[in-house]
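Protein chains: 4
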Amino acid sequence: MRLRAMASDGALKYPVIAVNDAMTKHLFDNRYGTGQSTIDGLLRATNTLIAGKVFVVAGYGWCSRGIAMRAKGEGANVVITEVDPLRALEAAMDGYRVMPMIEAAEVGDIFLTATGDLNVIDEPHLKRMKDGAILANSGHFNVEINVAALEAISRESLQPRQHVTTYVLDDGRKLHLLAEGRLVNLSAAEGHPSAVMDMSFANQALCVERIANGKSLACQVHPVPDDIDKQVAELKLKAMGLEIDTLTEEQCRYQNTWQSGT
Amino acid sequence: MRLRAMASDGALKYPVIAVNDAMTKHLFDNRYGTGQSTIDGLLRATNTLIAGKVFVVAGYGWCSRGIAMRAKGEGANVVITEVDPLRALEAAMDGYRVMPMIEAAEVGDIFLTATGDLNVIDEPHLKRMKDGAILANSGHFNVEINVAALEAISRESLQPRQHVTTYVLDDGRKLHLLAEGRLVNLSAAEGHPSAVMDMSFANQALCVERIANGKSLACQVHPVPDDIDKQVAELKLKAMGLEIDTLTEEQCRYQNTWQSGT
Amino acid sequence: MRLRAMASDGALKYPVIAVNDAMTKHLFDNRYGTGQSTIDGLLRATNTLIAGKVFVVAGYGWCSRGIAMRAKGEGANVVITEVDPLRALEAAMDGYRVMPMIEAAEVGDIFLTATGDLNVIDEPHLKRMKDGAILANSGHFNVEINVAALEAISRESLQPRQHVTTYVLDDGRKLHLLAEGRLVNLSAAEGHPSAVMDMSFANQALCVERIANGKSLACQVHPVPDDIDKQVAELKLKAMGLEIDTLTEEQCRYQNTWQSGT
Amino acid sequence: MRLRAMASDGALKYPVIAVNDAMTKHLFDNRYGTGQSTIDGLLRATNTLIAGKVFVVAGYGWCSRGIAMRAKGEGANVVITEVDPLRALEAAMDGYRVMPMIEAAEVGDIFLTATGDLNVIDEPHLKRMKDGAILANSGHFNVEINVAALEAISRESLQPRQHVTTYVLDDGRKLHLLAEGRLVNLSAAEGHPSAVMDMSFANQALCVERIANGKSLACQVHPVPDDIDKQVAELKLKAMGLEIDTLTEEQCRYQNTWQSGT
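Protein chains in written order, with the working numbering: chain Y, 1 to 262; chain X, 263 to 524; chain F, 525 to 786; chain B, 787 to 1048.
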């Protein structure tokens, strides 16, 4: 997002391939990696029981839907907040409750942000939260939860466990902020497992090679070439010991024709 | 697929908007609609217990992953076959078994095809199937299961229930084909529920209006305009009584800058 | 329940074996059978899209948790109502929302009762329901939904589809009652699949044989003998082609000792 | 099990209430507590990606089904081994693959034992496992995995991370044993969350009180009184802020009669 803004301002000085947009990156690393490691960070920091908790996930992009999926997998009752109507609709159809954050604030036991934007949890939300609520972020930076606002409405803060700061609000309620609002999966756990980072690194290596060896690219943000994406997927399947089907000649022909099958 | 082939052959005589590619179409109609109605067709045709069955889904596109999701939701043990390595990988990461159809043929109790290609279940697969296996298709046409091959290796066929043809193979095994290999969700059930078709129809109506009112479009296959897609999602959320968040000015600004947050 | 009440009143004239209490009955027939067939009945009657709907299940016994599991598997957001604190707690830990029916009445799109008691959905609940709500019963009799109360607050009733009676309330809201409040899985679908009834019938046959051949039993309600329950499970596994482990001698010995392993 | 063996040998010198058999204990602590904390221990020890892995769970009792449920929730493909046909059947109907351990040994990436018996993973299984397989135990003691047998077929052992012992087999394959085969959720994680232990402790406290205050009990293993179990559930629901329904007088009467509703 930042690099595309730079490119459109003419501030980008060299070509970039957006590895994060590779299917073998965002479909896997963001979803399965962030999903698992976020829950992992939450548990290492708090050892709280997730089953039976109302678990609010801000966002329904690839990272946040990974988190939602894993929270559900641990027995949580998941609530999604979104600003994009399409994603909100998808979340609802996936069986989650969808509501604005100002309502979610009142019912949530655990809050996880992963939107890429700032102040997703802001003062009005903090003021409505239940005593004992847990707040953490797995989005890009420590701006998703407005920590300054949290400090401003608190009379003291405690450190009951590593990675947990407990804010005692003026009215006596306690809110537990994990990892100071920084990425909880990196701070309190170990980040993505190697078995999902391997695909991201393979994309990076093969894309750098393509830039180095290929004909010169414009100073823009380019997508990952399809053949690299596919190659990474094939290598990964092989490493997992999985075999798949191959289109027969007859099937290839059928896909490219419009004279039969209608 | 057919229309794009026509366009590249110069055979397309008027502009087309590919409503099937709208997010509010394929993310919903194909996935939630086909998923539910396929299981519905299977049950109306057979009343078989899905729990505990090995349920083979050919393909892991939007339709087929909807079917897989619902089969899992009924307690099946789901196997996915694919030709695309990326989708195969995604299926594996979603917890499904992935294998070539020739292996799946030996373990499956129920087979559902939704690939868009022909002879996905062909003679070699049919020959390896277990006695009593059920075969059905929810893909585009009645070509996904090679019915001619099935007839060729059978000594007789019976009609034990409406929508069920039982083929008695030469070796005595029985294979049950539903709806003659035609779309089982349309033949044996009622197709997609109105609550998911409404979005597809809204897309169609708004796209036709756009073609009629807009400036002339080339005789190509065009994507659904983003604003129409978004409008349909907003209308649907409203109909479901769901409210979502709106980006604050501060958040919009933050998304479009690259000078902070890095 | 009825027979035990008779026995304690001295009104039971012959011995009874409570086949419904067999593990191979209630763990399977009630849960997997009722779960699947109830959703099946709902879909045949209405063809409504379940994904994205708030689906209220009254009860969290074996039948009702089967229904809840399958509704969730179709993408619903499931709400459980209960009178038993233990079951309510289990429902919450399983990730469902738990609330009294009077609150559920206001949020539900679809209501399914399976409690074994009467007037679980009564006038106060009906008065609060959303326009368009669907009501059905999969519990023992057509008493779980108070149909008389529904008629009393309606100004007319329509029959838009087979198995659907639409009540137009005095304030104009419409409530759709399926199968007149009778068991929707028997009325609108085909009841349990044979693949789950086989175990119930096997229990019945083997228990009747036991009564006929065994020494005389008191005129009470007796549990299914463990060995019959186990035999039915073994036969079913065999029919499904599944093999399991057997305890080694060493393992048997270990289980029955208390001198080692502490 | 041990205490009942003692009682039947006349070796039990005081009354015991089997708190582990309380519904509010084994339905919650064993299932939700062990389930979550076992996955937690596995991740803290290895940081392995669970999605896409074949995850073998030995047993389908309360602990092991909790583990299976959470492994599935993390995206694993779960295989169950059992010696009890009823539980095996339930596992199959829940959508898991069921097979003997000797077959599971060949396909598993991760093995978790929770059976209460010894040598569940023994030399013949170890010899067939894939290179890189992970082994851990969440059952009662460090006897479920035959560690002596593992050592006997290894040429060396390494300690690549805390809680991980890597055995290099004579043929070069590596097997990773977690926490020396001791309970991985206690060794590598923090055991059950307080939010589930609270119910177990409440049961213990209330049962000790009952023994102290009540009339003298025989030196046997007694079940937890139903009223204590129910009281614990009610207290827990209240602590979670959940309200449930209460039977009306009419409903109570209906449940205890056999003259109506038939």
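Calculated directly from the structure, the hints in this document are not laboratory data. Every residue, glycine too, gets a C-beta built ideally from N, C-alpha and C. Please note: incorrect hints may appear among the correct ones.
Pairs of lysine to aspartate or glutamate, EDC-like flavour, derived with a Cα cap of 20 Å [what the hints assert, rightly or not]:
hint, chain 1, residue 1, chain 2, residue 2
1, Y, Lys238, B, Glu892
2, B, Lys1001, B, Asp1013
3, X, Lys392, X, Glu368
4, F, Lys654, X, Asp393
5, X, Lys477, X, Glu505
6, F, Lys754, B, Asp870
7, F, Lys762, B, Asp1013
8, Y, Lys238, X, Asp346
9, B, Lys1016, F, Asp608
10, X, Lys500, F, Glu767
11, Y, Lys238, X, Glu365
12, X, Lys500, F, Glu630
13, X, Lys500, Y, Asp131
14, B, Lys913, B, Glu937
15, F, Lys762, X, Asp384
16, B, Lys1024, Y, Asp131
17, B, Lys1024, B, Asp984
18, B, Lys1001, B, Asp1012
19, B, Lys1024, F, Asp655
20, F, Lys762, B, Asp870
21, Y, Lys238, Y, Asp226
22, Y, Lys230, X, Glu505
23, Y, Lys174, Y, Asp198
24, Y, Lys238, B, Glu1029
25, B, Lys960, B, Glu976
26, B, Lys799, B, Asp1013
27, X, Lys392, F, Asp608
So the derived list for chain X, only partly shown, Cβ under 7 Å to chain F, looks like this [claimed, not checked]:
hint, residue
28, Tyr294
29, Asp302
30, Leu311
31, Leu448
32, Ser449
33, Glu452
34, Ala457
35, Ala467
36, Glu471
37, Asn475
38, Gly476
Which of the numbered hints are not met once you compare them with the structure shown? Failing hints, ascending: 4, 5, 7, 10, 13, 15, 19, 22, 23, 24, 25, 26, 27, 31, 32, 35, 36, 37 and 38.
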